[in-house]
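Undergrad: Listed here are the chains, written in short residue letters.
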Amino acid sequence: MEPILQTENLTIRFGGHTAVDHVNFTLPPKEFKSVIGPNGAGKTTFFNLISGELKPTEGSVYFKGRLIDSLSPVERTRLGLGRSFQITNVFPNLTVLENVRLAVQSREGVRYNPFRHYSSYKKFTEESMEILSTVLLDGKADAIASQISHGEKRKLEIAMLLALDTEVLLLDEPTAGMSLEEVPSILNVIRKIKEGGDKTVLLIEHKMDMILDLSDSIMVLFNGQLLADGTPEEIMQNETVQNAYLGGMPHEQTAHA
Amino acid sequence: MGLLMNLTVNGLATGMLIFLLAAGLTLIFGLMSVLNFAHGGLFAWGAFSGVFFYGITGSFIISVVGAILTGIVLGFITEKLIIKPVYGNHVQQILITLGFMLVLSEMLKVVFGPNQIAAKTPDYLSGSWEVGGVILIKYRLFIILIGIIVFAIVQFILKRTKIGLIVRAGVINKEMVQALGIDINKVFLYVFMAGAALAALAGALMAPYSGVVYAEMGLEFAILAFIVVVIGGMGSFPGSLLAAILVGLAGSYMAYFVPSLSLAVNMILMAVVLIFRPQGLFTAKEA
Amino acid sequence: DEVEGSGSDETIKVGVLASLTGALESYGKQTQRGFDLGLEYATDGSMEVNGKKIEVVYEDTETKPEVAVQKATKLLEEDEVDFLVGSSSSGDTLAVLPLAEEYEKVMIVEPAVADSITGSEFNKYLFRTARNSSQDAVAGAASIAGEGVKIATFAPDYSFGWDGVEAFKNAAEDLGAEIVLEEYADPAATDFTANLQKIIESDPDYLFVVWAGANSPWNQISDMKLQEKGIKISTGAPDIPALSVMEPLVGMEGFSVYYHTLPDNEVNDWLVKEHTDRFDGEVPDLFTPGGMSAAIAIVEALEQTEGETDADQLIEVMEGMSFETPKGTMTFREEDHQALQTLYAIKLEQQEGVPYPVPVLIRELSPEETEPPIMN
Amino acid sequence: MSRLLTLENVHTHIGQYHILQGVSLTAEEGEVTVLLGRNGAGKTTTLRTIMGLNPASSGTIHYDGQDITKLPTFSVANGGIGYVPEDQAVFTTLTVEENLKVAMRKEDEAAMARQDYVLTLFPDLKKFWKKEGGHLSGGQKQMLAMARAFVNDNRLMLIDEPSKGLAPIVIESVMEAIREMKKQTTIVLVEQNFSMAAGVGDTYTLIDDGKTVQNGRMEELVRDEELKRTYLGIA
Amino acid sequence: MISKLQGKNFWLIILAAVLAAFPFFSDSRTMTILLTQIFIFAILAMSYDILLGYTGIVSFGHAMFFGVGAYTTAVILDRMEPTLGMFILSVGAGMLIAGILSFIAGLLTLRLKSHFYAMFTLALSGLFLVAAEKWRTVTNGNDGFTFRAPELFQDRTMFYLAALGCLVLVYLILSRFVASPMGRVLIAVRENEQRTASLGYKTLHYKVTASVVAGVFASLAGSLYSVSLRFVNTSVMTMDITLDALLMTIIGGVGTLIGPILGATVIEFAQHYLSGLARDYPIFERWIIFFGIVYILAVIFFPQGIVGWFRQIRAKRLGKREAAIRAKQPVLKAKAEENG
Ligand SMILES: Nc1ncnc2c1ncn2[C@@H]1O[C@H](COP(=O)(O)OP(=O)(O)OP(=O)(O)O)[C@@H](O)[C@H]1O
Ligand SMILES: Nc1ncnc2c1ncn2[C@@H]1O[C@H](COP(=O)(O)OP(=O)(O)OP(=O)(O)O)[C@@H](O)[C@H]1O
Ligand SMILES: [Mg+2]
Ligand SMILES: [Mg+2]
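Residue numbers (the numbering used here), protein chains in the order written: chain G, 133 to 389; chain U, 2 to 288; chain S, -14 to 361; chain B, 2 to 236; chain Z, 57 to 396.
Hints should not be assumed to be uniformly reliable.
Calculated lysine-lysine pairs in the DSSO-like style (CA-CA distance at most 30 Å, straight line) [unchecked claim]:
1. 102/B / 163/U
2. 258/Z / 64/Z
3. 175/U / 163/U
4. 64/Z / 196/G
5. 64/Z / 255/G
6. 217/S / 121/U
7. 212/B / 372/Z
8. 71/B / 81/U
FYI, nobody ran anything at the bench for these hints, they're computed from the structure.
Just chain G, with the same shape it has in the complex (with noise of 0.2 Å):
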């Protein structure tokens, strides 16, 4: 089977820092992939250059098998590469159903249409309503995005990458901040994508039990290099891995593996 995402000897330098280097990865169509890795190991940066959010020093990234080196982010997310980020990232002062609204009227391509009132688009805000459910926010629809809460923030940030329903998605700490109980809401929201089976998925966390709850396969990025690409089985047994990403470990979420 043709991979969806190829990267050939990907690399980015930040001056004399180098912190993706010479990466070579392939993503199957419909695998749910995790990225492990120290922090400043460069896994939000590997997600850049993929989202075309930054330009490669050297390398490239094949889509389907096609080279989008020359792509805009613009241009990536409408081939079907969406992502949320690590950083919340959201429309500060619109509502939260307005910037749900915003991507499921991008993905449904109404983009210059300067006449129609946009709210002849009803099922736009019925869809952006549902998906706000699913990630337990429809109770802050008309809520100011920069007034919600931290954790709020991360469920609207995977809220829009949702409402893009692209072909891969590219999820970088979509849990971070998010509290204790409503972890498990995400993480089937998450699960029901993979089940869907439609979906790829490529998931940055540092929560362990999450992804050897949910990874088809695990890469590890250690200095910008790719370390290890393995079952979670094989990962966890990896000793670079061990002692210098997951240390001791004494928490239940080894127990799991």
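With chain G held as given, fit chains U, S, B and Z with the ligands onto it using these hints.
TA: Quick look at chains U, S, B and Z with the ligands alone, frame taken from chain G:
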């Protein structure tokens, strides 16, 4: 040769004068990100009070000190009444400072009368030397000197103390700076007062340079100062200095070699810089 | 609409447009004072002509054309004025001219100077008591130009400067002078070195400067030692506040539109006396006599029509009308309604007790001598 | 042991919203008090209210025997309170070095020693000493935010979700550091990572809908499955 | 929601009708002219708000487009027959030129961050001012020139109605525009440009579109303006015009279309009455001081503009009534410029 020297020296002096004018704005706009359209008003007040103090004391030094004090007092009032409520909001800053600019320049007429007033150069600074075909105007050399001194002092304060850092941090996140135990309001107040004092100083020095002060001089020069701050790369002191000198020299050379474009030289300079180096001459990367 | 005449049976209204705020404020105020005094003088204090009371309404144009139009319309519509007078800026005046035509009211232009007012933009309702750029230029030329004299000009880079230089050039060349260089500078520039450098290089006998506005080149002219290099400076003497910045030019020969000691006639004596009495010893300034002349012209015209305010009648008597002003006799030229008037060749001198250089009369330039070309 | 910090029935309004509707909590000297509660419960607002960033509209806050309810933020901080906000709030255009410099209240030897300690705790910061704060990775920003509070000699530390975005191994060293710090510093911690909260916490305060609903010792909570299920949704 | 919208429209229709009837009831020409000015500047301010309020772009060069319209109409009417047809042609031509100009300017510089764009437009409009000054054969420089208005507009009432008609039309077009899907994206760009791009919108297209729309309608305002004066000079290209548009927008409330209209009304009236007071009360001789104070007070008491203030009052009332039900009624906040 004498010609080029002449153009260069005078362009340099003009540049220094513009630098002095822009220095206050570099602090206020560059560091604190306040769009202060009343800057020109502070400048004009400096000019008028300089002339006023010179008139009653006959001492140029006292007049400059008096102007600086005026600037400090006005800076205090401006910050407390006008700027404080609108930190962080450019749109409101434009409205309120433009309103205050109207008040300031019109108040000049109330206090000093509506007419232009002649400004005198002290005897020891007036006149010029002619050295091998190059005319060295004393007052301009004096301006160059003062410009260098001001640059050195401000640069020292910004580089060697925490003030510059605190102000920059405060602009990025005021709350966090306060949460670190710094009374940022006070710091902003002082910096603003310093900026106003610099504006007033520039005004007081400008007066003898052009020989006249008038209420509208504020707005005329404020735009020039904004241009310099932008070309220099917002908030960079060396950048402002360089940009000011560039503007001064360009004006001087263009007026001689391409006179038909001399009206437009500042605008062309700014447009070119913005297209090719939008971050300004002196900033390495886009902030 | 025809009833409007009934309102003005007893009173005649005059609307005066002037810049009472902003950069040209002092000009506006001079006009205002001059106009008030002029009415008083011309009516011997009765403020009446033929038994009709004269009422004046002042409006501030703020030196903005749209405000000038607004205010002029208000004067014409609401105050139903019979005359318009104004204004301090050429732009405002030009914007108002079509209204005078539309409402068929006589407008006295004072002190706007643009040639185009009595030139390309002329309409028959306007009369100008102010001198125009060309008259200034002719006067300027008359005071320095002569056979073989080399002259460089220096002016601000906009209409006022170009008009002035163009007119000066024609006048000076007619007198046999040679214009060796025309320099224009950004009026807001802080540094005029480059221009002055070029002027020095062109080595003229005279530098003729056309300048307006506060930011003036006088200091730098003296710093660049033009005079010491044998270049004589000449320009029009401005109003008193601006004279005070011309100290470096003491000794210069040029021309003046008005300075209170220059004219020698009764009207001026009255003006100087009344003005000093009323305004704390202040003497009338550059445009005060203009305002006065405008008032005198109106009263004179009304006397001739016996109080009739019909524009056509007024125009008929005003064309070619002569009247006595602080600057001597003025005459509205029939062709373009420009008042021909006396200007003065002067020299700037330092005088005891006066804090600014004083224009001292060299000779009067008669109205005939300064008559500008007809351009409409 | 004495009470370093006491909040009594604190109410806070932001604009027209009534966010805190009666928060009470205490922090004993030398202990770690953990604030728990679901998203939007008001934990962050509680810390901000203590700092004076969202001033309390009623109720009282006592710190070290002093009423600090109405004090301006900088005075609160100068009383020896360090704050690590949840959004890190690093100064983006300042370098790591400058970020720490701004934060340092006194640049004496002790402060330098603390800085050195912080840099051993977070070696990444040392590595990127001259890098602009805005260019750091998410986790590195988190480290910088903490380091900024750690370089000062604080008696009380308010830390909002330190573990967020950190690699497991770094979480461990942060826990280690907190245990270390406890000797001189009292800590109020907001934490969603229950294993971490349980690992360092001495007492807990549970906030829901802007109100304190439960106070107690951490050990009890760890044991009380019922409570955990109702309020924290952990089975 | 729907009924409220209709309610608002209802009042606007009434207001427009009253204004249309006004000259037939009042014979105050001053008022007619003042209102005409207000209509024209309201159009200008609305066009500016498309940039500032909706797309979050600060421009210091709006006068350029206003000036293009003013000069195009003036020159065409001056050189050709001053007929209505020529007028319409000139308006169209002005809008076309302004459109092309704003397209190029936008394309060149909208890649830049906001304040750079502001300064660039300042430079560009400065160059246009110089050009207008220097191209004397066409513009007659700073003295300017007068020209004849079309027969129909000689009657000020007719011109008043035409300006009102334009205002209503522009309002309708723009309110449709900002409420369209495209308009929504403009707002998104204002709020967070990079995020808008990552949702799949090409932000440059939107910014350029906003710039073109703003430029085109500013040109229309300029055309009307020069006809209202039957005169044009370089003052139409000066910073003053831009600042007027800017101030009207801010005073009324950015990010709304009613705001700029209110702002234009307030500023024009304040200016008119304050300067009028000077004749009767000597303290108002320096009326500009009071005018400046109006700006200062406006920021202090209506930081979100007049419209924002109304909204706040309504939100407060709603808040009190429905506090229990709708705990978190959104309040629209004017955008605080983010830095860094
Ligand atoms: N500036 C504000 N304006 C209006 N409401 C606000 C504002 N800040 C916070 N809130 C509201 O106050 C409530 C509490 O917010 P807070 O940030 O304290 O929650 P939290 O407990 O820290 O949640 P999280 O775990 O998600 O960080 C939330 O419902 C939020 O919407
Ligand atoms: N714009 C930038 N300029 C300079 N350096 C950068 C930039 N962005 C990232 N870096 C550096 O590149 C490295 C990788 O950063 P990245 O954000 O990809 O890490 P990460 O793996 O996502 O870490 P975390 O788990 O902490 O989020 C870091 O050391 C960071 O400091
Ligand atoms: Mg990351
Ligand atoms: Mg929180």
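Undergrad: Just pull the numbers of the violated hints for me, sorted ascending.
TA: 2 and 4
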